[in-house]
Amino acid sequence: MNGTINLTLKVWRQPGPGQKGKFEIYQAKDINIHMSFLEMLDVVNEELILSGKDPIAFDHDCREGICGMCGAVVNGKAHGPKKGTTLCQLHMRHFRDGDTIVIEPFRSKAFPIIRDLVVDRSAFDEIIIAGGYISVNTGSAPDANSIPVPPQNAELAMDAAACIGCGACVAQCPNGSAMLFVASKVSHLALLPQGRPEAAKRVLSMTGRMKELGFGNCGNERECEAVCPKQISISHIARLNREFLKAGLFSRET
Amino acid sequence: MNWFIIFITSSVGKKLVMAFTGLCFVLFIIVHLFGNLTIFLGKESFLSYVEDLHRSHKYLIPLAEVFLLIFGLLHIVFGLVLYIQNLKARPISYNLRKNAGGRTVGSGTMPYTGLFLLIFISLHLVRFRFVEKITQNDFTILINTFNNLGYVIFYILAMVALGLHLSHGIWSSFQTFGVNHPKYNGLIEKGGILLSILFAVGFASIPIYIFTKLS
Ligand code: HEM
Ligand code: FES
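Protein chains in written order, with our numbering: chain A, 1 to 254; chain B, 1001 to 1215.
These are computed hints drawn from the structure, not numbers from a lab.
Being a predicted model, the structure only gives us computed values, none of them experimental.
All residues carry an ideal CB built from backbone N, CA and C; glycine is no exception.
Misleading hints may appear alongside valid ones.
Just some of the chain A residues that point at chain B, by a computed CB distance under 10 Å [as the list claims (entries may be wrong)]: (1) Lys-10; (2) Val-73; (3) Lys-77; (4) Gly-208.
This is chain A alone, in the form it adopts within the complex (with noise of 0.2 Å):
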């Protein structure tokens, strides 16, 4: 399949964080269905610039899926309407000719709006700072193969590893929490024998941290699954939760 398409853009425009914000309407011409979203975002900025105006930003990196700095809420879905899919790898030809696109920023107490679609995920940042990570120097990668871990395990593992910190978990979920960002990381690292001996801190302060950074509580709505684009799965929170029974109940971390 080859070819164009036209659009009609209504995007977030909000010039700096705590300022007031609105919808823009925009004409996209001309997109080639080949394009990636954020492709289709650079022609749009090209011909803002030409005509004298603001291009709108938005944050990327690596552009191929794999850094987490993309994202936006794409027509009321965070990364927009493909399943495990961030915004960058989505492509124009799951759009077609005369749609109206609603773009808006990940809205949450704790990303606050900087620009336009770009929001500060610091948070994160913060919540990895409370324990997302292993205090002990583990060794090189032959030190690790001295340390047997079940390849089912390390399947799971690899399988929460995979977060790209992108936080449309957050943007989607309808309590605006950051179950599924936390729960990969502590569900990555209780798997490993390297996380155990600091896990009952680590999902006692992550889930501590989250909560003071404002985001909401979990609701099991499962929105943060359907969106997330490494489709990291719900069950991760569950094991969560589970280490967070035990930690709560039965060591000596409050």
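Put chain B with the ligands on the given structure of chain A with help from the hints.
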């Protein structure tokens, strides 16, 4: 602060309280439903069930009531706190938000079906529990209540709310307790929905039966 207070007031802890108290209510309404269904066996069976219940479980009933009251208050207070915190987590809502495939009618209406159940339970207790039972008995109260179409409709609506609340609540409680495994996820999800339907239909059948047959 006491470790237990920190534990249950945390983000996951509050959910554990909701799930634990919620599942206790589910156990209660299973017993409650079986008892109430004796009405279909006739007036004598129903009244002798009520009498037996209070005579042979002289201590169990008040004890259960105290626990239900405490759990009820916890469920309501924690539910409201969660609701408010979750609203605050997204101060500016989306202009356009679509369901990505996870949310259900039940999960999306938990606080609202919950509040409706609160109104229902209050009226229900006033009507059937905190009422003088000297000049009237449980059977006559039942008949006098449900020959009124307004009451029947209100009860049916409340049971729809109960079914919706539990269509998400039962599965959700297991997930909150970390019970999630491919071997039995299907059973929990489908069993939860089946139970919710049975509760709603079972309880709603009583006012309908009384209105159409006994009054
Ligand atoms: C008295 C009025 C009630 C109110 C105000 C209420 C409110 C709520 C709310 C807001 C939630 C969602 C919590 C969250 O996930 O953020 C919830 C969950 C739940 N409720 Fe209720 N509810 C009420 C009555 C009931 C009754 C009568 C039952 C059972 C027969 C019940 C069973 C449950 C269960 C099992 C959950 C799931 C807990 C979880 O998600 O882990 N609730 N309730
Ligand atoms: S830009 Fe890196 S994931 Fe989209």
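Going through the hints against the structure:
A hinted interface residue such as A/Lys-10 counts as satisfied when its beta carbon comes closer than 10 Å to some beta carbon of chain B; here the least separation is about 8 Å, so the hint holds. With a cut of 10 Å, the hint placing A/Val-73 at the interface with chain B holds, because the nearest CB-to-CB distance is about 6 Å. Checking A/Lys-77 against chain B by beta carbon gives a least distance of about 5 Å; that is within 10 Å, so the hint holds. Against a cut-off of 10 Å between C-beta atoms, the interface hint on A/Gly-208 holds, since the closest Cβ of chain B lies about 6 Å away.
In summary, this structure violates none of the numbered hints.
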